[in-house]
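Using the sequences and the hints given, assemble the complete structure.
Protein chains in written order, with this note's numbering: chain A, 1 to 786; chain B, 1 to 238.
No wet-lab data here; the hints were simulated from the structure.
Please note: incorrect hints may appear among the correct ones.
Only pairs whose alpha carbons sit at most 25 Å apart, straight line, appear in this in silico SDA-like list of lysine to any residue [claimed, not checked]:
#1 A/Lys514 to A/Pro573
#2 A/Lys783 to B/Asn203
#3 A/Lys783 to B/Asn20
#4 A/Lys783 to B/Ala204
#5 A/Lys783 to B/Tyr87
#6 A/Lys783 to B/His202
#7 A/Lys9 to A/Val324
#8 A/Lys386 to A/Lys783
#9 A/Lys783 to B/Tyr18
#10 A/Lys783 to B/Ser176
#11 A/Lys783 to B/Ala142
#12 A/Lys783 to B/Arg191
#13 A/Lys783 to B/Ile41
#14 B/Lys230 to B/Leu144
#15 A/Lys386 to A/Asp13
#16 A/Lys783 to B/Leu144
#17 B/Lys231 to B/Arg191
#18 A/Lys783 to B/Ala205
Now the stretches of chain B that chain A is said to cover, found in silico as 3 or more residues with beta-carbon under 8 Å [as the list claims (entries may be wrong)]:
#19 55-63
#20 84-93
#21 106-120
#22 137-143
All C-beta atoms in this analysis are idealised placements derived from N, C-alpha and C, irrespective of residue type, glycine included.
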Amino acid sequence: MVIPPLRRKVLRDLTRLWAQVLAIALVLAAGVATLILGNGAYSSLYETRARYYEENRFADVFADVTRAPRALLGEVAAIEGVLDAEARIVKLGLLDIPGMVEPGSVLFVSLPETGGFNRLYLRLGRLPDAMSAEEIVVSDGFAKAHGLGPGDRLPVLMNGQRRDLRITGVALSPEFIYALGPGQMMPDPRRFGVVWAPRAALEAAYDLEGAFSNLVLKLAPGANPDRVIEALDRLTERYGGVGAKGRADQISHAFLDAELKQLWAMVRVLPPIFLLVAAMLVNMTLSRLITLEREQIGLLKAIGYTSRAVAQHYVEFVLLIAVVGIGLGFAAGAWLGVGLAQMYARFFSFPYLVFTRDPQLYGLAAVITLAAAVAGALYAVRSVVKLPPAVAMAPPSPAVYRERGAWIRRVLNLRQTGVMVARHLMRWPFRTLSSTLGVAMSVAILVASLWSFGSIDRMIDITFFRSERHDAQIVFGTPEPMPAVFAARTLPGVMVAEPFRQVAATISHRGHEKTLAIMGRPADPRLSRVLDPTLRPMPMPEAGVILSEALAEALQVRPGDLVTVAVQEGRRPIVTLPVSGLSVGYVGLGAAMEIGALNRLMGEGAMVSGVSLQLDPMQTAAFYAAAKTTPKTELISVTSLMLSRFRDTLAENITVMVSVYVILAGIIAVGVVYNFSRIALSEQGRELASLRVLGFTNREVSGVLFGELGTVVFLAQPLGWVIGYGIASAMAAAFSSDLYRVPFVVQRDVYAIASLVVCAAALVSAWAIRGRIDNLDMIEVLKTRE
Amino acid sequence: MPDASDIVFRARGLTKVYRNGALEVHALRGIDFQARKGEFIVILGPSGSGKSTFLNIVGGLDRASGGEVWFEEHQLTALGEGQLTQYRRDHVGFVFQFYNLVPSLTARENVQLVTEIARRPMRAEDALALVGLQDRANHFPAQLSGGEQQRVAIARAIAKNPEVLLCDEPTGALDSATGIKVLEALTQVNRAVGATTLVITHNAAIRDIADRVIRFADGRIVEETVNAVKKQPSEVAW
Ligand SMILES: Nc1ncnc2c1ncn2[C@@H]1O[C@H](COP(=O)(O)OP(=O)(O)OP(=O)(O)O)[C@@H](O)[C@H]1O
Ligand SMILES: [Mg+2]
Chain A
1 MVIPPLRRKV
11 LRDLTRLWAQ
21 VLAIALVLAA
31 GVATLILGNG
41 AYSSLYETRA
51 RYYEENRFAD
61 VFADVTRAPR
71 ALLGEVAAIE
81 GVLDAEARIV
91 KLGLLDIPGM
101 VEPGSVLFVS
111 LPETGGFNRL
121 YLRLGRLPDA
131 MSAEEIVVSD
141 GFAKAHGLGP
151 GDRLPVLMNG
161 QRRDLRITGV
171 ALSPEFIYAL
181 GPGQMMPDPR
191 RFGVVWAPRA
201 ALEAAYDLEG
211 AFSNLVLKLA
221 PGANPDRVIE
231 ALDRLTERYG
241 GVGAKGRADQ
251 ISHAFLDAEL
261 KQLWAMVRVL
271 PPIFLLVAAM
281 LVNMTLSRLI
291 TLEREQIGLL
301 KAIGYTSRAV
311 AQHYVEFVLL
321 IAVVGIGLGF
331 AAGAWLGVGL
341 AQMYARFFSF
351 PYLVFTRDPQ
361 LYGLAAVITL
371 AAAVAGALYA
381 VRSVVKLPPA
391 VAMAPPSPAV
401 YRERGAWIRR
411 VLNLRQTGVM
421 VARHLMRWPF
431 RTLSSTLGVA
441 MSVAILVASL
451 WSFGSIDRMI
461 DITFFRSERH
471 DAQIVFGTPE
481 PMPAVFAART
491 LPGVMVAEPF
501 RQVAATISHR
511 GHEKTLAIMG
521 RPADPRLSRV
531 LDPTLRPMPM
541 PEAGVILSEA
551 LAEALQVRPG
561 DLVTVAVQEG
571 RRPIVTLPVS
581 GLSVGYVGLG
591 AAMEIGALNR
601 LMGEGAMVSG
611 VSLQLDPMQT
621 AAFYAAAKTT
631 PKTELISVTS
641 LMLSRFRDTL
651 AENITVMVSV
661 YVILAGIIAV
671 GVVYNFSRIA
681 LSEQGRELAS
691 LRVLGFTNRE
701 VSGVLFGELG
711 TVVFLAQPLG
721 WVIGYGIASA
731 MAAAFSSDLY
741 RVPFVVQRDV
751 YAIASLVVCA
761 AALVSAWAIR
771 GRIDNLDMIE
781 VLKTRE
Chain B
1 MPDASDIVFR
11 ARGLTKVYRN
21 GALEVHALRG
31 IDFQARKGEF
41 IVILGPSGSG
51 KSTFLNIVGG
61 LDRASGGEVW
71 FEEHQLTALG
81 EGQLTQYRRD
91 HVGFVFQFYN
101 LVPSLTAREN
111 VQLVTEIARR
121 PMRAEDALAL
131 VGLQDRANHF
141 PAQLSGGEQQ
151 RVAIARAIAK
161 NPEVLLCDEP
171 TGALDSATGI
181 KVLEALTQVN
191 RAVGATTLVI
201 THNAAIRDIA
211 DRVIRFADGR
221 IVEETVNAVK
231 KQPSEVAW
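Okay, structure coming up:
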């Protein structure tokens, strides 16, 4: 096969400029990879969830009641828009595994009926015999964390009674993809598991014969969930219903939604940055190449090549770079995709992951990338293609410099080499600006990823060290009279006990409403506190309610406004209360009242839902053991365990994420700086060699080029900080949901680290180019005219 | 016989071999040479005879393959890369066929480029005045004619008050009238600064302005003439 000469030139140019080509290709690859990874992960997560929900019949509406007769089910199923309803028993129990000191809980869920909802995906063993009182299936993550399998025993406390259950199988459920235990902030499969048991066994254990404690509904297509929930709430009110939830408020579903939202944000932010930078690099590099080959272009045209053919030649060159980038991006995207899928597998319990290798997505990524590269190329090619051959063949008119910016020189007290740097930078303002912008983008990417560390520190500091300062909390199964506090005070190791009352309520204001738990605390709480925005602890108001900032925002209320509080328990009073203040808080929505005021509102006497405790660190084990066997205890949460789990999980995920971002930012920084310096060197090689002849040392000569580079990198820093701040704040907003808010704090060290990383990348590029400067051929430049 | 302390350059048995794979090019085949302080020497010879190679080695831009070159008490052939740079910086002024000015600096700034790093420089304005360009100090190279650019290059070369001024075909790219101006600038500088000046040229007519003329052929010095009377550049016929 005969390769046409121009084609051969393309290949030769590619090999000759391989380092620059690679630098551009890597930036393109980063764009392709993030595009594929983000979109791929998004659709993978989305599709997996959809298929899992579909196959295992994930319910649409969830409702808890204290105890409702099974006869109610018929009425529920008759609500307009309800396709089918299933009554379940869902109850908390405590783990009683020998050797496990720290408290853990299990959620007992009655096995789905045949044809029921939230069907299990059985991973091991078999389902329990419906008649058995001790056979159970446990959730997969929990089984793994404890090394349990079919045939093993699981000792638990059900309703205060010690039971030794027998595991027959291990399963997953679409209801617990994100298995967050009550009172937990992060899934902790060691301390929380789901246990499915035959309904009869649970009925017996929890005194619920002929009754149920939980309802799941499937809606008819097109039904209005709000209307159904309203009707359902009316039916369950009498039976202790605390308000039904749609999928959007179901914990597992909501966390998946939050994750999807984050991925979506990433897909929209990252790939465009890379593609933009790559297009600028293509433009810069090609412009220089074309300038160098101007005479050849004139010659080609003179001997009869059309402008089109010449333009095509350069576009082909760029397309090949893009193809390399796309290839690398496909590989990296697929590889990172597997990594992300593994991370999801750890974080979420899916029976399988539908990892879509959608050819359309790859095709789209390729097309977008090619388009970005060609856009950069066309802009560069346009000028030279228009030149008549005679003009093109003549050497280009020398660059016109102007004696501008004399003040810069005075201010900086520049030497002539400094003046060279300044004039050269100002001579090609577009290139200087786009390079600055490119480097700024890498700073920005780092700022936009690194801030999350500080944000988490703040979240931890405020949540665990300033607000929730207790060592442990005991939550009772049902509210207890005040003396329960004294009983808790006498448990071994307890130094301080502080009561709290928790009441489910719907708070509304002008059409906005949220259902949540109102926390009643003592007037001047010591252990479980709420903080005002300046982080000072707030006393509980005698009348009125303190709302968390997130809740106030959702309801659009300000301090002093009146909100309607409709309690969802007991007598279900409805009152209007003033908002007496706003508190900071990052986890969930919060509302707080003085415990006495809340109890008066409830009209049930002085009751407590649980106690916050300060413990003697030497006696925690004794405390756990005693607290667990106290019959009223439904749940024991331990702050230190929660915190370490929170830290570990986030640290792990964020470290992975930040490493990826650092690599991406490094690619941009190296790509831009390296190309910029290669071009500057190619333009000024002659001058620099002349300086060497005049007796300038290698170091001084490198200084000229690095001065230019340094200026670009230096100018890029503040710009990068500003852009990074913008991206970070958009991300913080995108990540916030009712489940958690992300405190938006960008500490100074974030800027410093981002700049250091980028400067390090710039130094690497400078080092790569240093050899070329040291080996400038002095004699060669004396022999030739420019 | 010249006084030994008067000798600026001494070369003995200087050879230079370029190796391109198996091919060896003997650019210099044993040069013996001396130059006195303030002497104006013209170097002639056919293309490829080794003139530039010789000048580059003497100027510390290139290394010899054999033999030795001394500049005053320094043996150039024994110096390292850094010391050669220092030698060029402190003692040598260069003028080349293609001027090699920095396009982003004005005439004055091109001169200052050197005076800033020199040990005992003259003022940039004075250097430009020596070549008659004091009025064009603020012009960029692109705004100057070839001859003017070459005179800026000369001003830049002499502004450091060099001991030696090395010129490789300084008039090569210029027409005769401009060439004469450049040569006048060179002779004037040679007189004013007292720098030993070596000028390579293809124009045999220029020989008459020199103290001494050296002819290269095939890597050797084949002829040496001392001019009893020097002509002014304006008197030579091109
Ligand atoms: N880098 C090099 N590699 C190989 N050979 C070289 C190199 N530089 C010079 N030569 C050879 O050395 C010989 C002397 O070259 P030099 O440049 O000194 O000649 P010159 O006398 O200056 O010629 P001209 O008058 O054309 O400038 C020539 O044959 C040339 O081809
Ligand atoms: Mg020569």
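Self-check item: Structure-inconsistent hints, enumerated in ascending order
Solution: The structure breaks hints 8, 12, 14; every other hint is satisfied.
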